[in-house]
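Student: Spelled out from the first residue to the last, the chains are:
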Amino acid sequence: MPDTTPTWLLVVASLVKSAILIVILLTIFAYMTWIERRVVARIQGRLGPNRAGPFGALQPLADAIKMAFKEQIIPAQAYKAIYLIAPVISVVVALSAFAVVPIGNSWTPGHPSVWDPWVGDINVGLLWILSISSLAVYGIVLGGWSSGNRYSLLGSLRSAAQMISYETSLGLALSGTLMWAGTLSMVSIVRQQTLQGQGIWFIVAQPLGFLIYIIAAVAEVNRAPFDLPEAEQELTAGYLTEYSGLRWSLYQMAEYINMITVSSVATTLFFGGWSFFGLERIPGLSIVIFAVKVAFFLFLFIWLRATLPRIRYDRLMRLGWQFLLPLAVLNAVVTAACVALGLPWWVNGLIGLAIIVAVLAITWQRSRQTRFAISKTGAELLPPSVRLVKSIEPELGLVNGGEAAVAGVERQQALLQDGRVQV
Amino acid sequence: MTTIPVSWYLIVSALLFTIGTIGVLVRRNPLIIFMSIELMLNAVNLAFVTLSSYLDSADGQVFVFIVLTVAAAEVVVGLAIIVSIFRTRRNIDVDEMNLLRG
Amino acid sequence: MSGPALIISFFVLAVASVASALGVILFRNAVYSALSLILTLLFLAMFYLQLGAMFIAIVQILIYAGAIMVLFLFVVTMLAADPRDPDLQDRLPWQRGVAAVLGLVLVGALSYLLLSGTPLNEAARAHGSEALSQVVAQQGNIQAFGQALFHGFSFAFEVTSLVIVVAILGALVLGRKA
Amino acid sequence: MASLLLWVLIPPLLGFIILGLLGRTLPRSAILTVAWGTVALSFLFALSAFLSLLGVHPDSQRVSDVSVYTWAIAGDLQVHFGLLLDPLSATMLLVITGVGLLIHIYSAGYMADDPGFWRFFSYMNFFIFAMTLLVSADNLLFLLVGWGLVGLASFLLIGFWYQRPAATAAARKALVINVIGDFGLMLAIFLLFKHLNTVDYGYGGPNCIPGTSGYGVLTAASCQQLGSLVSLAIPLLLFVACAAKSAQLPLYMWLPDAMEGPTPVSALIHAATMVTAGVYLVARTHVLFTLSPYALPIVGAIGGLTALFAATIALTQLDIKRVLAYSTISQLGYMFMGESAGSYSAGIFHLTTHAYFKALLFLGAGAVIHALGGEQDMREMGGLRYRMRITFWTFLIAVLAISGIPPFAGFWSKDDILGALLTQATSVGGAARYLYYGLWGLGVLTAGLTALYMFRLFYGIFMGSYRGAGPLKHGHAGSEEEEEEEALTTVGRRRRGESALYEIYEVPAVMTVPLIILAILSTIGGLVGSFALFDYSRWQPLNAFLAPVLGSAPEGNLPLLWLSTGASLIFALLGLLIAWRRYGQGFVYKESRNPFYRLAYNKYYVDEIGIALLINPLLWLGRQASALLEGGLLDGGSRLVGRAFSLVSAGGRRLQTGYVRNYALAILIGVVLIILYYVVRG
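Protein chains in written order, with the working numbering: chain A, 1 to 423; chain G, 1 to 102; chain Y, 1 to 178; chain L, 1 to 682.
The set of hints was computed from the structure by calculation and includes no laboratory data.
As the structure is a computational prediction, the values presented were derived from the model and not from experiment.
Heads up, some of the hints might be wrong.
[As the list claims (entries may be wrong)] Partial list, computed: chain L residues near chain Y (C-beta under 7 Å):
id	residue
1	I667
2	L668
3	L676
[As the list claims (entries may be wrong)] Going by beta-carbon spacing under 7 Å, a handful of chain A positions derived as facing chain Y:
id	residue
4	L25
5	N123
6	V137
7	A160
Using N, Cα and C, we set each Cβ at its ideal position, and we do this for glycine too.
If we strip away everything but chain A, and leave its shape as in the complex, we get (with noise of 0.2 Å):
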């Protein structure tokens, strides 16, 4: 923008494109919850909500309306004042977040005007995303823990952990991005995809990078199949559990935003945020352009929650710190490598490509010698990394399935009939 701007229309040109963006984010949220439940109902074979209005459109407003004048529990034991704060931090924080987000072209492409369709254009604004993003977390943790219940404070536990664990990888699966961008502005970012920029979805460049981010990114807003923190099962709601009414609905509505916010992230680093080819330069359709594919990624989000069970704790970890991190580093050597020695971008998309190929084909081979073991009679075996008794476990033999298996399992039979393991 211009530095002739005046302050205060700066100011108040802000304060009126943020009112905006928050009541844009909450009808997305209030009609995500709906979208949801349709989507989910219609894999599983079911219809979902579909009474109040048509197609049941009106539901979010019904559940709005229930929402507010549910009674709000505050537990004796809880730390009031904080448990009262953290929805509010949640949701402070996610709305925050997307303040740097671009939503669309400039109204006059080549004349930056105080009223363009994004709050702040910041040199930082990647940083800034990320590092409110980081504050996420504080909502769900003091949540659990100002709730004096002990699966709140586990729930709220995992979650840190969670977030701190993927947050690396995040990171580092945008660097690369960042390094084909050259900077760190949104808006200038968008720009380098363009036909005006550098012509390509940076997609192309770093498909490694976009699947470890969107990896990252389903647990960094603990959504199925990396949603621990609130596993009903393990820890009945986790930090959600003595939370009820409006401030249950506060968590949702953070959640759900952060999803948008991370989709847009999605959108406007890999997917050419709200350019198409020139199309974005009719004003209106760019904000089009970029609703549909943040769309996309929210789709993919709902669709991932119906398809995929929830993981095991230590699994989660294990593929932040040993799978994610490892191959985030790499890609970020790689691009590195790829932009100093000035190579073209098909070069690094290749190279991505393959590094995907060889870990699937790496994954797969060893899926395929875990996960049956075929004994002598022809009978299926438990695999040998499946556990039954947890002091034998050295005396397994968890090398390859075949052999190794069937030996195991012999041995720990004998050990059981010898008395010398309890189960």
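For chain A, the structure is supplied; the task is to place chains G, Y and L on it using the hints.
Tutor: Showing chains G, Y and L alone in chain A's frame:
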């Protein structure tokens, strides 16, 4: 752009630093002592950034960056130590850790 | 931002940051202390913004508030799950008084030094193309920072990365089940 | 050429390192490959260095001094690790590596059953390295390094069977006495540096005048500036070192005891090479010895006395290795006598031939000992000529050689020395004349004694009938108790008489081949000497070769030479005759009541006198000092210090409350004080 004297920022920095120092001296929970140390580091960081801005040189900011990183490393190790102490002693009062008494 | 707005914001931030810093050492509950510290850090980040160090401000939030303090909170909530334990007898009750007096002396002396015309106010500024403001004006904040970091302090940078690796290994070793 | 010298040095060092580090794990074949290979390489390089030297004309240019590495520069003192190749060092290197190689080969057989096989060869390689370093160093400081290292190698090898108390005691004794000599050498070096500002021999230095007798800094010209006292002190201090290393009176006591080491060690270190280092040093620094009129006569007197003294002891000894040890001492005295007559090349010549035949004698004795399973007493031998033919013949050659019977090597070199002595006696004036006449007489007498005791030994071992009880069955490294146990059984076995002789076998080829080679060398080795005796003085290749370094020996006239040769030959034959008369039918041991015999048999009670006069008083002094100084002064002082510290710390430890916060408070106090200082200073 600045109309605020540099010493004002530095006095804020000194205040924060002293508060951190006192925290180290009077608190017995090692976690809070640790936080007080972080406070002291941050007070110094404030001084660095202030001087960087006033001297118009990026060096101070680089120092802050490095302090930040080292602080992260320090916290990681320190918290790991505290957790392992807690694991063995079920108690993290620093006054209980006085095996070095003469 | 300039003139009275700047001064007002400075004082608001100063009071807020000092107050929240006092909170760190005054709260009995470690979680509240941690929250106070987070607040202090955020206020400091705003100070940095005020001083034109945008990158440092953001990194302050990202690393300190977003990572370090989360770790703190993690440990605090884990270890001090029930902070209402009866507090043990303070074995050094006299130290509070001494510390307070010494703290006052320290602040007083420092303030006196800072206000009584130390050479700081007349310190020479960097000039020419190396000057921070010039680089920022030409290339932007991050670029200026990056140049300083990787040109003048690349060795320190590398050493820091080594420190981090060592710290990670140390934490791993310490965190292993004995 | 000097680079060749470096390659002479490096292989044994490498061998030492490899064997020392990995030897335990290596198979025998690999150990032998390394040990033999390195010494063989060393020998080949020494040989090529020697040949390359021969190819240089004129003779005076036959020198190469290359500084490999500058070790230290301190003010005027510049110490280079320089390698010097000249006729003297080339000769020495050939002898060391050549004889060393033969003895390495021999050792493979001799040490075959020893558990310390790898250790032995590692030490031997180390010795070769140290000795080559000693002779190829181009300055006294690195000579001292080699000097000390050969002492170390000698110590290690004497004490090789460290399970035996006698061996370790002998090793200790050798080390202590050698260190006395090292002190002498060090003091001499200090004096030289103080007065001449150098420790180099001086090749290539500013004063270097090739072609003159003794070149470099240690030229007669540059040494003239030394005062008369210093010019006597330096050679005498050097000679202290020589006497210790070469076992001259009164520092000879360690050498007979050193026979506790394995026999190949005795052959290599305590006969052929290391003990001749003193002879080498005198030759190398001969310029210094000529500065004072008293230096050389003293050297000669000590050498002559030692020669006779040791020969008389050798006459009475029963342990065959001890006989040889005393013979070595006696022969070393001979070499010093020759050098004292100004004929340094005669000394070096005798050194060379002595290396051949004395190594041969030791190896032959070793073969006998090996065949007898460790028996060293002459009374338990006899008649071995039937069972050990090769050893017998080679030993005979060596005995003839050492006895000075023509045409064997010893005759030529011994004759050279005696001739030089007589020539010197006739050419100098004053009291020295009588000294040299006396020395010549001693030499001739000793020649006779040498023939006597050598043939006594020879007859004792090989002639007559077998008196022993067959080979002992234990290994070399048996403990004391085992030996006693074994002795008991031998009594029983002795009754079986002659048949035991058939249990004795000639040693394997790996041991006899070196014997044969050394026998050949002992036979023809003397032919490089002077033919002046036959009035054909143009043939003296060794003298001529060494002349650029050592100067040419004074030429004697023919009648004198004839007289000298005739006398020594007659005495030698006389000794031979007496030996034949007494021991020709086999050695018979009789307790003799003759006081002189008892005196010699008990080695003149030198050890006992030493213990009574030196060691006991020293021990007494030490005990008194320990009680007085250590108990009262040092301990008391340290106790006082300790008490002071504990008092201080008792106060100080109150500060160590163990409360971390206390410590932090202390830091803060410090910080506040520093800040306040700035406030006050303004």
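Student: Confirm or reject each hint.
Tutor: Hint by hint, here is what the structure shows:
no. : hint : result
1   : I667 : violated, 11 Å
2   : L668 : holds, 5 Å
3   : L676 : holds, 6 Å
4   : L25  : violated, 21 Å
5   : N123 : holds, 5 Å
6   : V137 : holds, 5 Å
7   : A160 : holds, 5 Å
This entry does not satisfy hints 1 and 4, going by the numbered hints stated previously.
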